[in-house]
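Student: Here's the letter readout for the chains.
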Amino acid sequence: MDVGLALFSGFVYWLSSCKVGYTLESSLGSGLFIGFMFGLFFGDMITGLALGASIQLVYLGMISTGGNMPADNALAAVIAIPIAMKSGLDANAAVALAVPFGVLGVFLDQLRRTSNSIWVRKADELAQKGDIKGIFKCAYIYPEIVIFFLRFVPVFLISLLGTDSVISLIESLPEFIITGFSVAGGILPAMGFAIILITIGKPKLLPYFFIGFFAVQYLGLNNMATAIFGTCLALLVIFEKSKKEA
Amino acid sequence: MTTDNNKVLTKKDLFTVWNRWYFSTELSNSYDRLQALAFCNASSTILRKLYKNDDEFKEALVRHLEFYNSEGTMGGMVQGIVLSMEEENAVSHAVPGQIITGIKTGLMGPLAGIGDTLVWGTIKPIIYALGCTFALQGNPIGGVFPFLFAIITYIAGWFLLKFGYTLGKDAVMKLMKSGTINTVITGASILGLFMMGALSSSYVSVKTPLVFEFENANPIVLQDILDSIVMGMLPLIAIFGIYFAFTKKKVGYNTVIFSVIIISMIASFFGILG
Chain A
1229 MDVGLALFSG FVYWLSSCKV GYTLESSLGS GLFIGFMFGL FFGDMITGLA
1279 LGASIQLVYL GMISTGGNMP ADNALAAVIA IPIAMKSGLD ANAAVALAVP
1329 FGVLGVFLDQ LRRTSNSIWV RKADELAQKG DIKGIFKCAY IYPEIVIFFL
1379 RFVPVFLISL LGTDSVISLI ESLPEFIITG FSVAGGILPA MGFAIILITI
1429 GKPKLLPYFF IGFFAVQYLG LNNMATAIFG TCLALLVIFE KSKKEA
Chain Y
3 MTTDNNKVLT KKDLFTVWNR WYFSTELSNS YDRLQALAFC NASSTILRKL
53 YKNDDEFKEA LVRHLEFYNS EGTMGGMVQG IVLSMEEENA VSHAVPGQII
103 TGIKTGLMGP LAGIGDTLVW GTIKPIIYAL GCTFALQGNP IGGVFPFLFA
153 IITYIAGWFL LKFGYTLGKD AVMKLMKSGT INTVITGASI LGLFMMGALS
203 SSYVSVKTPL VFEFENANPI VLQDILDSIV MGMLPLIAIF GIYFAFTKKK
253 VGYNTVIFSV IIISMIASFF GILG
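Quick note, the sequences are listed as chains A and Y, same order. Per my numbering: the first sequence = residues 1229 to 1474. Per my numbering: the second sequence = residues 3 to 276.
Since the hints were derived computationally from the structure, they do not count as laboratory data. All values reported here derive from a predicted model rather than from experimental measurement. Be aware that one or more of the hints could be misleading.
Stated by the list, open to error - To give an idea of the chain A side of the interface with chain Y (calculated C-beta under 8 Å), a few residues: (1) T1251; (2) G1267; (3) G1280; (4) A1281; (5) V1327; (6) L1401; (7) F1404; (8) I1405; (9) A1455; (10) K1471.
Said to hold, decoys possible - Pairwise CB distance ranges (calculated): (11) L1268(A) to T182(Y): 41 to 47 Å; (12) S1343(A) to T249(Y): 31 to 37 Å; (13) G170(Y) to R1349(A): 32 to 38 Å; (14) R50(Y) to L1339(A): 29 to 35 Å; (15) N184(Y) to M1452(A): 26 to 32 Å; (16) L1339(A) to T107(Y): 25 to 31 Å; (17) T182(Y) to Q1356(A): 38 to 44 Å; (18) S1345(A) to G108(Y): 21 to 27 Å; (19) S1345(A) to S94(Y): 32 to 38 Å; (20) L1332(A) to P112(Y): 31 to 37 Å.
Positions of the beta carbon are idealized from the N, C-alpha and C atoms, including for glycine.
The shape of chain Y in the complex, shown without the other chains:
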């Protein structure tokens, strides 16, 4: 495929690894090794192609069964870099296994951080929330809208794998250190926050039915008064109440859920919320 003598892997080989990775990333996830088995399984057939020597091949398999965990989409880049290193090693025998493992474990953390923010913290909630908008209008598109997220990330991960493979570890290290990636994250966070503000405004609903009746005067409708001060005051209090419960009080997910349910029951019993 290529004129470079050291390059034996074809685009098809890379695509095989990506598919084997994408379709089984979390399937074999265990507490002790997380995505290690998926990583090893993804590259196993290509490692066989690279290493004609049985011992080297087995060594490579064992190497990729070591602990590994990253965000799967951004992690495509790690797959790409590892493939280029294994390929080089298969030809030159000059890349020690510890170096490959070192690069893997060095990159998986920072890339997981970026991937969690971009993929799971921004792209997913925006797509799903737009899906909710369609669904609540009764449009069946809303029901299948989440698959847009799967398609986008599947393609993105494949490009990241090719990117990692072609440019290699040095380029990726450089990219991570440069400001570009931070600018992208800031931009994504701004879009994400803006959208989440808008969506929470539409979808968090807290209202009070309290009305104070007076003789010879108009009744005071509490909700109208709150609206005239700041629109959406109660939903905002709910969001930031939970926000501070998570950040300042460090309470768990389940505590929040059950507190909300209990508070709602009490408020509903006394007619404060409804």
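Next comes chain A alone, as it looks inside the complex:
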């Protein structure tokens, strides 16, 4: 049992889900940043970052429409990264280990949003009295206290009691299961990209996806190069369209 790690994991998960800052919260909860934090904790930045990035890729396209989060990538990262770092599991296999926790995290968020109804009701009464300090507490302080208990406590306990048994379980698994996890970890980022295709890809724009895909396959462009070419391509189309409209 590693109390220090459990405390740290609980803290990172609370930080990543504290909901402070509309887009800041997404940065704090990104697999990349969580990988970075565990990299610092274990003094092994390279492994931490590689694990964080691999988990990040699965959740790249995720959008919480109407506040409903489809999966909790922060919980996935917070549980899987320390286990992978301690057991030496490769990054792809860690991804497959992570995703079930991403599903579990959704339930915690549902609990949170259900409990938030209490504060809205309370705010209704306070608004009648014009008590803006009270409304501030309902909008800020009370939900944050709930978040602390919902986020810190479960992860602290899971890390404290579960990490060692998961690691010994992994060590006892047959080879093909570990390979299977790695295969799944290689495929799962496809889901992240498929979701983005659905969100931003009108069917008539899909050729741009294929240009990007094969530019890397055949020409071996790196990501910065594709960002530059992609921006030029997008600007050309914008200029052409606005010329027609003018």
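The hints should help you fit chain Y onto chain A, whose structure is shown.
Tutor: Then chain Y, alone, in the frame of chain A:
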């Protein structure tokens, strides 16, 4: 601050609202009212400044506790428009509350659509994916790269709030109806799709280790044959297999995750993928 008699709000007031909004948007999100409490809390101190009359003030607070949900960054524009309307109402008493609520609820949907596409569908994945590139090279910049997304959207939202406040509802309505916003979305989608094509090419890895051995002949390495037909065939099949599972079969997120894991286990057991 300004010579216009109807203008009592300063830039500092607007900035206060933006900060109170940005730092608590999703904190109090509940199933029944979503971002309503955050919206009310964001403008509460400014509403106090605007309405000297207690009853009008309380009425305004109750008004902004009504159901509200939009994309937070683009939604800055709604905050701005609402502030300009409340300000006008505080001076002239001529803007009925239903009109303010009507504008809010009328704009929140379309703006959420634009914001989800631009902010969460394009800017975020591109920045995060570039962060992954750095991280996989072992560069610690990758770990803090996501904060670039927070900074860009924080600044953008503040400008959108000022924009909404200065130009008011008519200008925003006009902008939404004009083709400009569609052109911007198309451009962003093209950049996004191009980048996602490139990134998926780098980061989705599916390979087969299958080799057919023959006597007196070179072994057939299946992966080499697939590569000679189309490079990256298996990753593409994975991406579009999942794409069609979502669009045509309407399966859920978790079904896809667990199907991928089970298929991978089976394929790994028989040595088809690895």
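Student: Does each hint hold? Answer for all of them.
Tutor: Hint by hint, here is what the structure shows:
The interface hint given for T1251(A) is met, as the beta carbon of that residue sits about 4 Å from the closest beta carbon of chain Y, less than 8 Å. Annotation: interface hint on G1267(A) holds; nearest CB of chain Y at approximately 7 Å, less than 8 Å. For G1280(A), the shortest C-beta to C-beta distance to chain Y is roughly 6 Å, which falls under 8 Å, so the interface hint holds. Checking A1281(A) against chain Y: minimum C-beta separation of about 4 Å stays under 8 Å; hint holds.
A least Cβ separation of about 5 Å between V1327(A) and chain Y falls short of the 8 Å threshold, and the interface hint therefore holds. The criterion of a C-beta within 8 Å of any C-beta in chain Y is not met by L1401(A), whose closest approach is roughly 11 Å, and the hint is violated. Interface restraint check for F1404(A): the shortest CB-CB distance to chain Y comes to about 5 Å, inside 8 Å, so the restraint holds. Proximity of I1405(A) to chain Y holds as hinted, the smallest CB-CB distance being about 7 Å (cut-off 8 Å).
Using the Cβ-Cβ criterion of 8 Å, the hint placing A1455(A) at the interface with chain Y is satisfied: the shortest such distance is roughly 6 Å. The interface hint given for K1471(A) is broken, as the beta carbon of that residue sits about 10 Å from the closest beta carbon of chain Y, more than 8 Å. Taken as a hint, the range 41 to 47 Å holds for the pair L1268(A) and T182(Y), whose Cβ atoms sit roughly 45 Å apart. For the pair S1343(A) and T249(Y), the beta carbons lie near 35 Å from each other, so the given range of 31 to 37 Å is met.
At about 33 Å, the beta-carbon gap between G170(Y) and R1349(A) stays in the expected band of 32 to 38 Å. Checked against the hint of 29 to 35 Å, the C-beta distance between R50(Y) and L1339(A) comes to roughly 33 Å, which is consistent with it. At roughly 29 Å, the beta-carbon separation of N184(Y) and M1452(A) lies within the given 26 to 32 Å, and the hint holds. In this structure, L1339(A) and T107(Y) meet the distance hint of 25 to 31 Å, their C-beta atoms being roughly 28 Å apart.
Taking the beta carbon of each, T182(Y) and Q1356(A) are about 43 Å apart, inside 38 to 44 Å as hinted. Separation of S1345(A) from G108(Y) is about 25 Å and conforms to the stated range, judged on CB atoms against 21 to 27 Å. Distance hint check: the CB atoms of S1345(A) and S94(Y) are about 36 Å apart, consistent with the given range 32 to 38 Å. Separated by about 34 Å at the C-beta atoms, L1332(A) and P112(Y) satisfy the suggested range of 31 to 37 Å.
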